[in-house]
Amino acid sequence: MLKLQFMKKISLILAAIILLLSVGQANAFIDGISGTSFQFAAREGRLSTPDGGNLLFWGFADTTPGGRASVQYPGPTLIINQGDTVTITLANELKEPVSMMFPGMTTLSSMVPALKQGRLSSLVPECEPGGTQTYSFRADKAGTFYYQSGSNQAIQLRMGLFGAIVVRPVLHKKLAIHNTVPFGLYSSTNGVRHPQVRLDYNNPTGIGGVAYNPSNSSDMSTVYDREFLYMVSEMDPKFQRWMEFEQDKINKPFDFSAWKANYWFINGRNAPDTMGMPLTSKNGVVSGSLQLPSQPYNCMPLFHPGERVLIRIINMGQDFHPLHTHGNHMRVVAEDGNLLQSSGGTGADLSWEAFTVTMAPGKTFDATFTWSGKGLGWDIYEDTATFRPYEYIADHIKTFTPFTSPAASGLTPKLPPQGLPVIMPGIQETMAGPNGSGSPFLGSKEALTPGEGGFNPFNGFFFMWHSHAERELTNNDIFPGGLLTMAGIVPWPATGDNLTVLDEYMP
Amino acid sequence: MTTNKLLTYWLALALIAVALPAAAFLQFPYDIPGIVDWNNDGTATGTVPDFIGLPGTPAAVSMHLAAGDGYSKMADGTGLYIFGFNKGSAFPASTFMKNTEFRAEMPAPTISYYEGQEFYLTLTNVGMKLRPDLFDPHSVHFHGFPQAAPVFDGEPMASFGIRMGFDLTYYYNLVEPGTYLYHCHVEATEHMEMGMLGNLFIMPRQDLYTRKTLVPVSGFTQFAYNDCDNLPPYNPGKTDFETTLVTLSGSMCGSTGYHVQKEIQFSDFDAIFHQKSLAADVLPFADMESSHYMLNGRGYPDTVGASVLNDAASIGKVNYYSQPIDSKVTANQGQRILLRLSNLSIQNFTTLEFNGPAFKVIGKCAKLLRGPDGKDLSYSANSVFMGPGETYDLILDTSGWAPGTYYFYSRNLNQLNNDQMERGGAMTEITII
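Protein chains in written order, with the working numbering: chain A, 1 to 507; chain B, 1 to 433.
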């Protein structure tokens with residue numbers, strides 16, 4: 001029954017995706033605001049959870065002229081350039097003082113803590129209710145960072161007063177040589193390396209880039225084709241309700257020793273909402289997931305075989321969360337906005353690979369991820385006629401003779417696809433999920449269990465990227481949900497594919 | 001209702017309700033090395049070629065797992081209902097169900113083969129004998145194995161699980177050595193809490209190279225990873241190495257060599273969750289709190305004891321050893337020990353501490369701790385902090401250690417008890433002779 005509810009929810013999201021295709025949505029990128037001067041407001045709002053609930057939160061709103069203007073969880077992602085001086089004027093619409101601080105940045109505004117009646121009120125000067133306060137900092141380093149309130153953090157960070165900062169390096173899109181050097185190539189086309197179709201990190205209008213300044217023109221350690229934000233947080237609904245309905249610190253104080261998270265978020269949403277469309281506001285046109293007005297950011301990495309993806313990981317919660325990527329290892333190249341290098345000019349020579357990264361509270365990680373199917377031992381493409389980009393050449397057109405004849409079993413397995421080493425079970429013998437295509441092959445589809453599937457319009461390979469503390473895959477007692485999203489390997493377009501549709505999902 | 005009464009009650013229901021097909025469809029039956037039975041009649045119809053010309057090491061290997069339910073016995077005597085895997089490779093297809101149902105093991109049978117072998121893993125869902133209301137599929141997720149494809153990944157949103165009474169064969173080309181783990185990924189929070197967890201590790205081809213060449217590296221013939229720089233690959237047909245004339249060398253060459261290896265998996269159970277599962281009650285995900293902390297499915301002192309014999313004889317299951325894997329390590333002074341650690345708790349981080357001299361952390365997440373340019377990133381430590389879904393490889397060099405019993409245990413003090421029973425939990429012994 002729970003599964004059914006989940007499927008219904010997903011169906012709604014799919015419906016939204018289909019409806020919005022005509023709007024021209026860009027999925028698969030980091031949404032945020034750019035510039036050097038912003039106006040923010042701190043106010044309260046409500047967020048929706050996939051189990052049908054809603055929770056009070058405090059968040060930041062981008063009230064800059066032309067901005068989204070509504071409060072959101074998490075706060076607006078700042079995408080700025082290394083060396084920029086950024087000024088934020090904060091207006092406080094809450095009933096207690098708030099502030100903003102920027103760990104890892106060079107703060108230019110006052111760093112004098114705020115005291116009230118002799119006691120610490122805020123780590124930085126704060127903004128009284130109804131008042132405004134201006135903060136400014138210089139982004140001296142490239143990398144992945146965050147901002148957060150410096151006031152009454154045990155309350156205010158649990159309530160959601162934080163947001164991500166992405167600082168683009170000086171050399172972002174400036175090293176022309178990167179455009180000509182292939183990387184992540186595991187295969188070739190007929191012995192010739194496949195021309196790069198999407199590796200446009202150097203294209204001024206492209207989505208690719210580099211996360212940290214390369215030490216030289218051959219340093220590829222943080223070059224990427226696509227980037228995704230993975231900002232995790234959690235909430236205890238008991239606490240959020242206490243804040244909403246009681247907040248009586250004298251007669252009915254909240255027992256913080258009993259605080260226990262039961263909602264887990266990626267970019268402010270619980271699964272399966274993580275996989276819905278983002279809510280975007282461009283040129284005054286609001287589009288996307290209108291059902292989630294205060295949770296604009298989704299998290300659904302979509303990319304092609306051979307592409308290198310940068311995952312910007314931030315843990316804004318109070319608990320540890322182990323992030324497990326199905327499909328392949330990540331390579332962790334930076335921590336807390338610092339490239340993992342032994343000395344300047346070596347590239348990320350101290351980087352490490354992991355299938356699970358423990359995200360400690362307040363830490364950020366940058367990790368790269370590439371998938372090509374290298375070494376699977378069978379050809380992932382059913383269409384054996386042509387080579388596909390980044391196809392692993394050793395497995396091309398490999399065929400198998402099954403060890404066992406299906407007739408002997410008396411059951412009803414599918415006929416053996418010659419390209420697969422084993423015989424698949426019949427569809428009535430399996431229970432398939434929403435992201436399957438029914439086919440073991442990339443870019444192919446076959447019949448699915450009745451009523452299943454439909455969330456894989458490109459017949460891609462999907463991999464769950466999720467917290468391996470599996471209790472966190474629930475939404476307040478309801479499985480599945482929480483800290484999970486599905487990353488999709490979308491096959492490179494073949495001749496005759498509708499590229500317009502593809503481009504709307506994947507810029 | 002007491003647990004025992006519940007057991008009887010459900011068993012009565014189960015006997016009426018569950019009628020499963022009797023045969024299992026094995027695509028590569030029996031894991032007797034090298035033998036293939038094409039038509040499941042129990043007679044070999046062919047052989048698998050030797051892997052790189054090593055007799056007794058077939059190029060393709062297989063295992064047959066049953067997924068179902070069972071019963072476990074905690075170190076404090078508490079009996080807990082579990083879901084789990086057990087090995088059915090020895091049973092012919094015709095009696096497979098009868099021999100494997102209600103015999104779940106915690107942890108699941110260890111999967112361990114060599115880099116380069118092809119592995120056929122057949123999974124039969126033998127159903128939930130004591131939960132006739134459940135129709136859950138099962139799967140095997142080869143956790144952490146690089147370059148996966150959804151069809152063999154066992155994650156049911158992107159692929160599928162196998163329904164009760166049916167079989168599914170996974171295929172893995174074991175291309176990367178290291179310490180992984182495996183578990184059922186269907187309704188993962190529930191099935192993993194219920195015990196569908198297992199050890200999985202792939203031994204490196206450097207072991208086979210030293211076996212072929214008869215030339216040990218720094219005196220070792222077994223290694224955690226391929227740690228030499230010039231180790232040749234297999235030839236394309238995997239009939240041999242490309243060359244066996246190379247003298248292995250490199251800055252880390254031999255650093256992961258060992259004499260004794262042991263897999264140790266940390267996990268925990270919430271007894272109330274298991275009792276509610278048996279009672280077909282609403283599952284308490286929100287209120288989960290672990291009560292029993294374990295290494296390889298047992299709390300101390302069972303971790304160093306004999307195979308745990310279950311009480312299930314009363315319901316017709318004799319010789320049911322539900323927790324067959326101990327965590328005891330014994331080595332001679334001067335030997336090197338490789339510990340393959342994993343954490344498969346679904347909610348707890350753990351710091352495992354050693355009360356002897358420092359060990360070396362040489363691997364993490366099935367990768368040798370080595371930078372992309374070859375830098376040695378291994379380090380010495382006395383404890384290792386491990387999150388759910390992580391694995392670590394430790395080398396304990398016992399040279400000069402005083403003979404005696406050393407302890408390897410969770411430093412999280414709440415993990416050192418078996419529910420109310422003190423002096424227990426996630427702890428084991430390493431004996432140096």
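No wet-lab data here; the hints were simulated from the structure.
Among the clues, some could well be false.
Claimed, not checked - If the Cβ cut is set under 8 Å, some of the chain A residues that face chain B in the computed set are:
id, residue
1, THR36
2, GLY327
3, LEU350
To be verified - The calculated lysine-lysine pairs, modelled on DSS-like cross-linking and capped at a C-alpha distance of 30 Å, are:
id, chain 1, residue 1, chain 2, residue 2
4, A, LYS238, A, LYS141
5, B, LYS360, B, LYS375
6, B, LYS276, B, LYS98
7, B, LYS317, A, LYS363
8, A, LYS141, B, LYS360
9, B, LYS375, B, LYS87
10, A, LYS398, A, LYS141
11, B, LYS98, B, LYS238
12, A, LYS363, A, LYS445
13, A, LYS260, B, LYS360
14, B, LYS317, B, LYS212
15, A, LYS363, A, LYS238
16, B, LYS276, A, LYS238
17, B, LYS87, B, LYS328
18, B, LYS238, A, LYS398
19, A, LYS363, A, LYS173
20, A, LYS173, A, LYS398
21, A, LYS95, A, LYS116
22, A, LYS238, A, LYS252
23, B, LYS375, A, LYS398
24, A, LYS363, B, LYS360
Said to hold, decoys possible - Reference listing, derived: stretches of chain A covered by chain B, where coverage requires no fewer than 3 residues with Cβ under 8 Å from a Cβ of chain B:
id, stretch
25, 57-67
26, 81-87
27, 126-139
28, 161-168
29, 244-253
30, 435-441
Built from N, CA and C at the ideal position, the CB exists for glycine as well.
Here's how the hints hold up against the structure:
Because the smallest distance between the Cβ of THR36/A and any Cβ of chain B comes to about 36 Å, over 8 Å, the interface hint for this residue is violated. Because the closest C-beta pair between GLY327/A and chain B is about 5 Å apart, less than 8 Å, the hint holds. A distance limit of 8 Å between C-beta atoms decides the matter here; for LEU350/A the minimum to chain B is near 6 Å, and the interface restraint holds. For the given pair, LYS238/A sits about 39 Å from LYS141/A by alpha-carbon distance, which is inconsistent with the 30 Å threshold.
A hinted pair counts as satisfied when its Cα atoms are at most 30 Å apart, and LYS360/B with LYS375/B qualifies at roughly 16 Å. Only pairs whose Cα atoms come within 30 Å are accepted, and LYS276/B paired with LYS98/B is accepted, the gap being roughly 27 Å. Of the pairs offered as hints, the one joining LYS317/B and LYS363/A is violated, with about 50 Å between alpha carbons and a cut-off of 30 Å exceeded. The suggested pairing of LYS141/A with LYS360/B is violated, with an alpha-carbon distance near 34 Å, which exceeds 30 Å.
About 41 Å separates the Cα atoms of LYS375/B and LYS87/B, which puts this hinted pair outside 30 Å; it is violated. For the hint linking LYS398/A to LYS141/A, the alpha-carbon distance of about 48 Å lies beyond 30 Å, and the restraint is violated. Taken as a hint, the LYS98/B and LYS238/B pair is broken in the structure, with Cα atoms around 38 Å apart against an allowance of 30 Å. A distance of roughly 41 Å separates the Cα atoms of LYS363/A and LYS445/A; the hinted pair therefore is violated under the 30 Å criterion.
Between LYS260/A and LYS360/B the CA atoms are separated by roughly 35 Å; this puts the pair beyond 30 Å, and the hint is violated. Proximity of LYS317/B to LYS212/B is assessed by CA-CA distance (about 45 Å); at most 30 Å being required, the pair is judged violated. With a CA separation close to 26 Å, the supplied pair LYS363/A and LYS238/A stays within the 30 Å bound. Proposed proximity of LYS276/B and LYS238/A is supported: the alpha carbons are some 23 Å apart, at most 30 Å.
With a C-alpha separation of about 22 Å, the suggested pair LYS87/B and LYS328/B falls inside the 30 Å cut-off, and the hint holds. Only pairs whose Cα atoms come within 30 Å are accepted, and LYS238/B paired with LYS398/A is accepted, the gap being roughly 15 Å. A threshold of 30 Å between alpha carbons decides the hint, and for LYS363/A with LYS173/A the separation of about 27 Å falls inside it, so the pair holds. Straight-line distance between C-alpha atoms of LYS173/A and LYS398/A comes to about 40 Å, which puts the hinted pair past the 30 Å bound.
In summary, the hint linking LYS95/A to LYS116/A is supported, as the alpha carbons are separated by about 15 Å, within the 30 Å threshold. Restraint check for LYS238/A and LYS252/A: satisfied, since their Cα atoms lie roughly 13 Å apart, inside the 30 Å limit. The suggested pairing of LYS375/B with LYS398/A is violated, with an alpha-carbon distance near 37 Å, which exceeds 30 Å. The suggested pairing of LYS363/A with LYS360/B holds, with an alpha-carbon distance near 26 Å, which does not exceed 30 Å.
Only residues whose C-beta sits within less than 8 Å of a C-beta in chain B count toward coverage, and the stretch 57-67 of chain A has 0 of them, not enough to reach three; the restraint is violated. Chain B is given as covering the stretch 81-87 of chain A, and this is violated because 0 residues of the stretch bring a CB closer than 8 Å to a CB of that chain, at least three being needed. Given a C-beta distance limit of less than 8 Å, the hint that chain B covers the stretch 126-139 of chain A is violated, as 0 residues qualify and 3 are needed. Counting residues of the stretch 161-168 of chain A whose beta carbon lies closer than 8 Å to any beta carbon of chain B gives 0, which falls short of the minimum of three for the stated coverage.
Check on the stretch 244-253 of chain A: 0 of its residues sit with their Cβ under 8 Å from a Cβ of chain B, so the three-residue criterion for coverage is violated. With a cut-off of 8 Å between beta carbons, the stretch 435-441 of chain A has 3 residues touching chain B; three or more are needed, and the interface restraint holds.
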